[in-house]
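Taken in order, these protein sequences are the chains called W and G.
Position in the first sequence (first residue = 1) + 771 = the numbering used here.
Position in the second sequence (first residue = 1) + 9 = the numbering used here.
Hints were generated in silico from the structure; no laboratory data involved.
Treat the hints with care, as some may be off.
Unchecked claim - For the chain G half of the interface with chain W, some residues (derived, Cβ under 7 Å), not all of them:
(1) Pro-60
(2) Val-69
(3) Gly-79
(4) Asn-82
(5) Arg-83
(6) Arg-100
(7) Leu-105
Using N, Cα and C, we set each Cβ at its ideal position, and we do this for glycine too.
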Amino acid sequence: MNDVARSRDFDIAVIGGGLVGSSIAWGLARVGQRVAVLDEGDVALRASRGNFALIWVQSKGLGMPEYSHWTLRSVNHWAGFANELKEQTGLDLCYERPGGFHVTLTEHEWLYRDALMKRLAAQPGMPAIEFEMMDHDRVKAMLPQIGPGVTGASFCAADGHCNSLRLFRALNQAMQKLGATYLSNHIVDRVEPGGGGFRMFTKGGEVRANKVVLAAGIGNARLAPMVGLNIPVRPQRGQIIVTEKTQPFLRYPIATIRQTDEGGVLLGDSQEEAVEAVVGTSVIAVLADRAARTFPQLGALNIVRSWAALRVMTKDGFPIYDQSASAPGAFAATCHSGVTLAASHAFVLAPLLAKGQLPAEVFQIFSGQRFDVPKAA
Amino acid sequence: MFQRLPETRGATVRVAIDGQPHEARDGDTVAAAMLAAGFDHCRTTPVSDSPRSPYCMMGVCFDCLVTIDGTGNRQGCLVRVRDGMQITTQRGKRELGQ
């Protein structure tokens, strides 16, 4: 039983200590809220382990331009976000925004990408995002190591990346520095609204708070009904390969290939990557094959590790931000892009949660109610 | 430093370590040959540039990484010396490759 948790009531409890929960918790502590973060232990199926550390704008928002705006807003906050975390923790998040590529390996892929980017840009209400479809020669001028099989790429100057391991650590340190209480091994069995607040029954004891934010990734599906919300999310397997550390050669992040500040090259599968011939081949083999066709020199590098993680996906791929009508003070945040959106979660979402209200004009579109179908239909 | 046991035998193998000629014995691993030649480290780490020398000598610890005939990050304890082999102390990250 944790004495800290029992002896003290909190303004707000954040359920989930991954990237989403930690970003929100730090943002809440920044504006003076007394925060408790209720986290699982090391056994957590943390989606934050499966991220690719991209801070990514291009190709996001097809079908929901508001998501594109929300993404861009976060990306524009990212430099200030990284600076503030560095000031508080001394940790350099290695944030860079050199622009990013999405490479194509066949003519068909290029045409498909071109059509997708045009459709995206033509949507009413889209923000102006600068992007360019490049042919092989244009790409080669910026990425000299590409192989002859690269047919081109889309390039977006707004894209960037960071060191997400340090981001995670910095958020955890910074929130505690600002007075947040981080409680590990506090997996939440039950949330009970009542008496103008919430009681969280956890493996580590009971914690009380005036408000609660569900930021438990896939766990939100289970927790949401306890506070009158509906958060239909499903796990999606993501896989990543990392090579041995090598001399810096890649100045720009690519949607599925990224060289970290320490030299290792990450190869990942991206949700938006429409790989056609996956059937019968393991995802990992496809990743490695595509990477070696993009940069033939990668073929000489040894692979050090590969791992899989369960990422969080909604039915339409867009995030869910919601507030409960039946249990006022209960909120939920669920998204796929916890790194990209971290700055918005800390600087925009958290202060609104502190005030206790998500303004409908921005957040109604992200409500889980969009998945409700009238029973008669 | 390390000395060879008097009863060990083997034909002489000539290698270059950091451009200097050295004599090793047939059957030596690269890591053993470097230790016998008096090298106190075979590489520096890729992030903090701290020196490392062979430790486990059985393929597990990866501290004996070295550049052999132009290819970096080879495990020195798992590669036998050959006449004319070019062995180089590896400084930091390996090369990208050809």
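Taking the closest Cβ pair, is Leu-105/G under 7 Å from chain W? Given a least distance of 5 Å, the restraint on Leu-105/G holds.
Identify whether the interface hint at Gly-79/G stands, where standing means a beta carbon of chain W within less than 7 Å of its own. 11 Å, violated
Restraint: Asn-82/G near chain W, CB-CB cut 7 Å. Satisfied or not? Since the shortest Cβ distance to chain W is 5 Å, the answer is holds.
Pro-60/G as chain W interface residue, shortest Cβ-Cβ below 7 Å: Since chain W brings no Cβ nearer than about 16 Å to Pro-60/G, farther than 7 Å, the hint is violated.
Restraint: Arg-83/G near chain W, CB-CB cut 7 Å. Satisfied or not? With a minimum Cβ separation of about 10 Å from chain W (threshold 7 Å), the hint on Arg-83/G is violated.
Per-residue hint verdict: Val-69/G, partner chain W, C-beta under 7 Å: 14 Å, violated
Chain W contact restraint on Arg-100/G - CB to CB distance below 7 Å: 11 Å, violated
The structure fails to meet hints 1, 2, 3, 5, 6 from the earlier list, while all remaining hints are met.
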